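Let the hints inform the model, and build the full structure from the sequences given.
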Amino acid sequence: MSRLAKLGTGVFLVLLVVLALFPQWLAPGDPLAVNPAEAFQAPNLHHVMGTDESGRDVLTRIVHGARDSLFIGVAATALGMGIAVLLGTAAALSPRWLDEAILRVLEALYAIPSLLMALLIIAFTGPGVGPAIVAVGLSTAPGYARLVRSQIRTLKASEMLEAATVLGRGTLAKVRNHLLPNALRPLLALITLGVGQAVIWASALSFLGLGTPPPAPEWGAMLAAGRTYLHLAWWLSFFPGLAIVVVAAGATMIGRALGGKVNAA
Amino acid sequence: MRASTTKRENPGAAPLIEVEQLAVRFGAQRAVDGVSFTLHAGQCLALVGESGSGKSVTARSLLGLSGGTVTADRLRVLGQDGLRLGENGWRTVRGAQIGMVLQDALSALDPLRPVGREISDALRGTRRAERRARMLQMLQAVGMDDPARRAAQRSGELSGGMRQRALIAQALIGDPQVVIADEATTALDAGLTALVLRQLRELKAQGRAVLMISHDLAQVAQVADRIAVMRGGKIVESGPAEELLGAPRHEYTQTLLRAVPSGVARFTPLAASTPRPAPQPAPDSAAHTESRPEPALQVSGLSKAFGGQLAVDDVSFTLPRGATLGIVGESGSGKTTTARMVLGLQRPDAGTVRLLGRGFVPAREAERRPLRRAMGAIYQNPLGSFDPRYTVGALLADALTSGRSRRLAPVRDQVHALLHQVQLDEQLANRYPTQLSGGQRQRLAIARALAPRPAVLVLDEPVSALDVSIQATVLDLLDELQVQTGTSYLFISHDLSVIEHMSDQVAVMYQGRFVESGPTAEVFANPQHPYTQRLLSAVPRLR
Numbered sequence: 094m095s096r097l098a099k100l101g102t103g104v105f106l107v108l109l110v111v112l113a114l115f116p117q118w119l120a121p122g123d124p125l126a127v128n129p130a131e132a133f134q135a136p137n138l139h140h141v142m143g144t145d146e147s148g149r150d151v152l153t154r155i156v157h158g159a160r161d162s163l164f165i166g167v168a169a170t171a172l173g174m175g176i177a178v179l180l181g182t183a184a185a186l187s188p189r190w191l192d193e194a195i196l197r198v199l200e201a202l203y204a205i206p207s208l209l210m211a212l213l214i215i216a217f218t219g220p221g222v223g224p225a226i227v228a229v230g231l232s233t234a235p236g237y238a239r240l241v242r243s244q245i246r247t248l249k250a251s252e253m254l255e256a257a258t259v260l261g262r263g264t265l266a267k268v269r270n271h272l273l274p275n276a277l278r279p280l281l282a283l284i285t286l287g288v289g290q291a292v293i294w295a296s297a298l299s300f301l302g303l304g305t306p307p308p309a310p311e312w313g314a315m316l317a318a319g320r321t322y323l324h325l326a327w328w329l330s331f332f333p334g335l336a337i338v339v340v341a342a343g344a345t346m347i348g349r350a351l352g353g354k355v356n357a358a
Numbered sequence: 005m006r007a008s009t010t011k012r013e014n015p016g017a018a019p020l021i022e023v024e025q026l027a028v029r030f031g032a033q034r035a036v037d038g039v040s041f042t043l044h045a046g047q048c049l050a051l052v053g054e055s056g057s058g059k060s061v062t063a064r065s066l067l068g069l070s071g072g073t074v075t076a077d078r079l080r081v082l083g084q085d086g087l088r089l090g091e092n093g094w095r096t097v098r099g100a101q102i103g104m105v106l107q108d109a110l111s112a113l114d115p116l117r118p119v120g121r122e123i124s125d126a127l128r129g130t131r132r133a134e135r136r137a138r139m140l141q142m143l144q145a146v147g148m149d150d151p152a153r154r155a156a157q158r159s160g161e162l163s164g165g166m167r168q169r170a171l172i173a174q175a176l177i178g179d180p181q182v183v184i185a186d187e188a189t190t191a192l193d194a195g196l197t198a199l200v201l202r203q204l205r206e207l208k209a210q211g212r213a214v215l216m217i218s219h220d221l222a223q224v225a226q227v228a229d230r231i232a233v234m235r236g237g238k239i240v241e242s243g244p245a246e247e248l249l250g251a252p253r254h255e256y257t258q259t260l261l262r263a264v265p266s267g268v269a270r271f272t273p274l275a276a277s278t279p280r281p282a283p284q285p286a287p288d289s290a291a292h293t294e295s296r297p298e299p300a301l302q303v304s305g306l307s308k309a310f311g312g313q314l315a316v317d318d319v320s321f322t323l324p325r326g327a328t329l330g331i332v333g334e335s336g337s338g339k340t341t342t343a344r345m346v347l348g349l350q351r352p353d354a355g356t357v358r359l360l361g362r363g364f365v366p367a368r369e370a371e372r373r374p375l376r377r378a379m380g381a382i383y384q385n386p387l388g389s390f391d392p393r394y395t396v397g398a399l400l401a402d403a404l405t406s407g408r409s410r411r412l413a414p415v416r417d418q419v420h421a422l423l424h425q426v427q428l429d430e431q432l433a434n435r436y437p438t439q440l441s442g443g444q445r446q447r448l449a450i451a452r453a454l455a456p457r458p459a460v461l462v463l464d465e466p467v468s469a470l471d472v473s474i475q476a477t478v479l480d481l482l483d484e485l486q487v488q489t490g491t492s493y494l495f496i497s498h499d500l501s502v503i504e505h506m507s508d509q510v511a512v513m514y515q516g517r518f519v520e521s522g523p524t525a526e527v528f529a530n531p532q533h534p535y536t537q538r539l540l541s542a543v544p545r546l547r
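For the record, the sequence lines run as chains A and B.
When you line the first sequence up against our numbering, it's residues 94 to 358, in that order.
When you line the second sequence up against our numbering, it's residues 5 to 547, in that order.
Among the hints, a few may not be true.
Partner residues aside, some chain B positions facing chain A, computed with beta carbon under 8 Å [claimed, not checked]: (1) Ser320; (2) Phe321; (3) Gly407.
With a Cα cut of at most 20 Å, we get these calculated EDC-like pairs of lysine to aspartate or glutamate [to be verified]: (4) B:Lys238 - B:Glu22; (5) B:Lys238 - B:Glu54; (6) A:Lys249 - B:Glu369; (7) A:Lys267 - B:Glu255; (8) B:Lys208 - B:Glu246; (9) A:Lys249 - A:Glu193; (10) A:Lys267 - B:Glu369; (11) B:Lys238 - B:Asp186; (12) B:Lys238 - B:Glu255.
Not the full set, but computed from the structure, chain A residues with beta-carbon under 8 Å of chain B [stated by the list, open to error]: (13) Thr247; (14) Ala250; (15) Glu252; (16) Glu255; (17) Thr258; (18) Leu260; (19) Gly261; (20) Arg262; (21) Asn275.
No lab work stands behind these hints: they were computed from the structure.
Given the structure is predicted, the values throughout are model-derived calculations rather than measurements.
Even for Gly, the Cβ is constructed at its ideal location relative to N, Cα and C.
Given below as structure tokens:
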């Protein structure tokens, strides 16, 4: 990766964190403040990304929405990865019959498209931020679990682990000190890519009205709300959509940069 | 294709290769610096030196493959000016005029293509049927049994010896006048090495010129007419083989010669730089045995079969305290399986291992764990046994605290003491194992194994991946540590001269069995079993 791309990725990462943690720095306004007098303003100097049907500033809402969108993405990935580490490690270290059993379950789950599974889960729990996290997290877990399992199995057969056995290390010490850290490091790039994907899924759920409830500013929900006025006010859908694309692409860039680093090491 | 008869009529004529003041630079670094030599038909020149001495780069620049910036007063390759050859010109040289036997038979052959195809690649432009006929003929010539069947097999289906033969066939199929053998015997066991060396002598007899590259003087002595010793990109000494080996003038040549362990008595340092250990009584003397009656290791009746085939067949031995038992044999003889069973890493089908008088195998890992501290292991490739995320200091801290902590600060003094013990600099504590040289890594592995103060070290080919001069320093270190700590060694190697130098007792392993065992001097002076006799006669010897 070129120097410039690395620099860009770094700047992007900082910007994202600032957006998520301190939205008021970039957009001091209230994302929920209704002002019917200013409804449907096209992008102008005062409202850089225009205003929506209630006269709310789109830029302010996107900036404030970053927190929810990113939080759902990161939390869902963390949840999925957490489950995956438990299941994958358990499968890799278990006797063969248990390994096979866990594998079959994972394969069955893997066969269901992730988004469909997320919809199923929401159908049980009802919409909301929490359910969205659980839904996206659970639906990504089987894929990660299979990766974790294969990583740990490879490492289990390595000379490094043999050396640890000869030095008299117990199973717990081997898992904690050698297996997990070495198994997860190469997955770091993949996890970052997964965050981008999870943001898209979270937005998709909100777009369908199954994620963050209105009027909270969430990108997917904003996209859905703007859809009604697409012929009239393109900026209502364009800018939230752009935000989703940029975050997903950015996560991919970071993932690639990390991947390069892991491969080089 | 020129007729092969005409080109070898006149071996005394102009040299096939003339190199004067060859220099190869990689950026600002000079890998080869002012090297000159000539190579005549029917002659073998050996370039000898450690890794990084520039010998491989020198050889590769004869093929236009050095990868760096080449300058020379003269670089004539079979009558052509190598300095003016373009990529197309070099392509006519490679394979057809100069063949190269590559070092690593496993990675040099494409695992997905039949070896026959790999070999006949060099005959592009010839008709298919002729190509196949030549290929089969060549496989026959290098001693491959059933060439037609072998040619259809992929490299993974061939044994190490077959692969090495395939590589030689690959180098020779273009009927080159010059053959370069780049460490072609490194990592081969005694039998295979003898075979390759015989092949090289045959090439010479056929009137070809051989450029042999090696770090092993004992092997070079078998083939070379002239030897050039390289160090730091320069030739430090060169001359006729007998003269150079018999009366080396340069200090570095003397160091290299001394480093060859064959025929050197036990506990005699091989490297000049290693301080001589204080003379002590033989470590397995009666005093030890009396105070601690249990032998370090008692192994009886170990057997293991893989897929119905016996890999280890009823192996028994006793390793006294402070002594070294050497196990020698060819690859595939069951040495490593024996080591793994002794270490409790592989469950034997039958047999027991007692460590310091207590049952070690068979046992559950949980029962074994308290005894683990008493037995350490050293591998051929230490890098694979280190967690890549840990620094040298963290690795040793982990070993010193039985895995409780990897922080250097609380155990800094002990870590430094260990590093001193294996003659490594304290500064290395902050480095990662990947940043160390091969010899340094093996020292680190030894330091880590010694941290829990084991009674037994199992060393599986501990110096096989090292240059002879580095090997000498590691062997000296092991000797010294044994005298200091009284640790018993189970020393496994395919290298007879290393085993002879390191062992009090020796066991010869062949097809899973100990075919002969006894005091080292006796076995080496008067081998009883025909296999041992054959093995010993295959060893290249300097002294």
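Inset, instruction - Could you tell me which of the hints above the structure violates, numbers in ascending order? - result: 1, 2, 7, 13 and 14
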